[in-house]
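Trainee: Okay, here's what each chain looks like letter by letter:
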Amino acid sequence: MKFKKNDTITHEGKTISILDFLGEGGQGEVYLVEMDGQKYALKIYKDEVSSDFRYNLKNNIKKGSPADEFLWPKVLLDFDDGDLGYIMDLRPSNYVSFVSYLTGKNTFDTKAIMLKWCITLCNAFKKLHEQGYSYQDLNDGSFFFDPHTGDLLICDNDNVTADKKNLGILGKMRYMAPEIVRGDKIRGGGVQLPDVHSDRFSLAIILFMALCLGNPFEGERLKNYDIVDEDAEFELFGKDPVFVYHKTDKSNRPIRGYHSAVLRRWAYIPLYVKEAFHRTFVDGLNDRENERTTPLEWIKLLSKYRDELIACGNCGYEYIVGYSEKKHYENCPSCNAATKDFCSLSVGRNTVALDLGKMIYTTHVDKYSSEYLVPIGKVIASKRNPSLWGIKLALNTEVEIKDNTGKVKVVEKDGIIPIVRNLKIKFNENTIGEIK
Amino acid sequence: MNDRMTFGEGIARQELNLLFVIDNSGSMEGKNIGAVNNAIRDIISIMPEIQEDTADAVIKISALKFSDNAEWIYSEPKEVGDFKWSDLKADGGTNLSGAYDALSVWLSKKSNGGQMPDIGGVAPILIFMTDGLPTSYDWEDHLNTLKKKGWFKVALKYALAINIDTDEAMDVLSKFTGNPETVLKIYTAEALRKVIKVIAITASKVKSSSAAVNKTGGMNNNAIAQNAIADRLEDVDGVEW
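Those sequence lines, one after another, are chains A and B.
In terms of our numbering, the first sequence opens at residue 1 and continues consecutively.
In terms of our numbering, the second sequence opens at residue 1 and continues consecutively.
Don't take every hint at face value.
Claimed, not checked - Covered by chain B, according to a simulated footprint, are these stretches of chain A (three or more residues, beta-carbon under 8 Å):
no., region
1, 100-109
2, 213-220
3, 253-260
4, 411-425
Calculated from the structure, these hints are not laboratory results.
On a predicted model such as this, the values are computed, not experimentally measured, just so you know.
Note that beta-carbon positions come from the ideal geometry of N, C-alpha and C, so glycine has one too.
Build the full structure now, drawing on both the sequences and the hints.
Mentor: Shown next, in the form of structure tokens:
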């Protein structure tokens, strides 16, 4: 252990007090510290780090965090004896680990909240990539969530590097793009190192895990191995990965009684999301630059998925309306109760099922916006008559509504639009929505 | 999630078995068995943290004690939160043959009457501790049967020689691990407690995670665990290997 409780460190004129030992990972030790009257986490590396690593960390701190979701290194601690560490914010206690979601210990309050978390994750990676970084060692241990709000926190950001550079850690096989697992040779010498394209592959794995509770490459083929060691993993994730829902190669389907969660969940995912996974995990195995669903594409698809969720009036299970599916549910897939009647808001290319609590976002009414997470309205029920529903607005400007008799009314920017069929809503000159 | 079909359901995980094989013959009485009991209590209190860090594998713990006979503490491997410990008492002879037989059965797939998973198993971690020579003289025959088990071949095996360092004892233990480097000589109860902890916790941490890859390719989890354990043992006094 590098420090003891109550040790103090002086760094560039500031005093940092060690309050407690929080834990250790492969690379370093983490302590609870106090600096300027505030509590922080301090990470110190156990072994001497390379000069590249040191330079990269320093540079990342200087450039700052790409998005609020990253628990980014804040202050570099360069000790005289060669030790290196940094200060970062503490993880707030409302967050629980993505690992605990995978193991069934914690869950999101609703599927819509889980999708919000996924969209936030894609958005964070979009911003990371836009700033020329790649995350590289993406795995289940780096992510945290608030079960009630779907807020995201990304930890372990010290391996984030400028794209196309690498500091030696490539990742864990189950979460890696196959060309990195294999160590493919690239033109000009050397091996393929993690970059934006491998990040995209790993991101899709995390999304598949969030949506289906399984690994996209673990199915029947597991039975070929008595022991799942590094050689087995090399074949499953590197040499010959087969997507469990490959359309034509059915050799690696999830195993009944073992991959139960995947089997149950995949069936109820919208077709366009299935297609995006298929594209990444089948075509994207070889065409790493063109066939891996990008964070922006995911944001759009997952937003669409969220828009068409409806909660069963009997059991609360959230199923999709199926706007673009061949099959529609007449009964709840979970409890078999008859599905309920509902209205939809159609605006531009979007169709939103207007269920209680459903959020309308900036991107629904402004096709040039990229604010996928900024709500401008929410479906609520009237307090006096709960059978009357409306969209409570949170806009900057008023909107105009026209009912089926042609009567026009102005709704204040924070007013309520009644949910009645055939009502037209003019959000702005170019954007007219209709409730159907 | 208000999701009746999937509530509380988790991802299918690989299974990592951690097994303690404990000699509780009469000579272990006193400090030695006390140190073993303490170490296992320490481990089961730390294990939940290790499990919380990974969804790649579910860690299961088992213990086999042997004196005149070999006996399982639980009839099947237990998940981290469910493994409870009752202090062992030391008494009787050192029937190593019986222990090896019990291990041979245990190291078969569940569908063949053992405790190894039928699908998705990770090579187990075996920690063997003894302070004396076997009183069953045919132990080598029984070891030869055990060595034929695939799960035994791939297991990460450690043997702890407690206050005994005769060539004969070392021979017994080296034959078990198949590698003299993973036979450790322990001279104090405190060292015993620390060593068991370092091995069980470090190995579980490394092996409950999907294989790591660096620039030279895939890394062997058993080798990574052995290196990490060797690193940590350098700080423990009263150990030789």
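Trainee: Next step is simple, just say for each hint if it's right about the structure.
Mentor: Here is how each hint holds up against the structure:
no. : hint    : in the structure
1   : 100-109 : holds (count 8)
2   : 213-220 : holds (count 4)
3   : 253-260 : holds (count 4)
4   : 411-425 : violated (count 0)
Figure legend: structure checked against the earlier numbered hints; the only hint not met is number 4.
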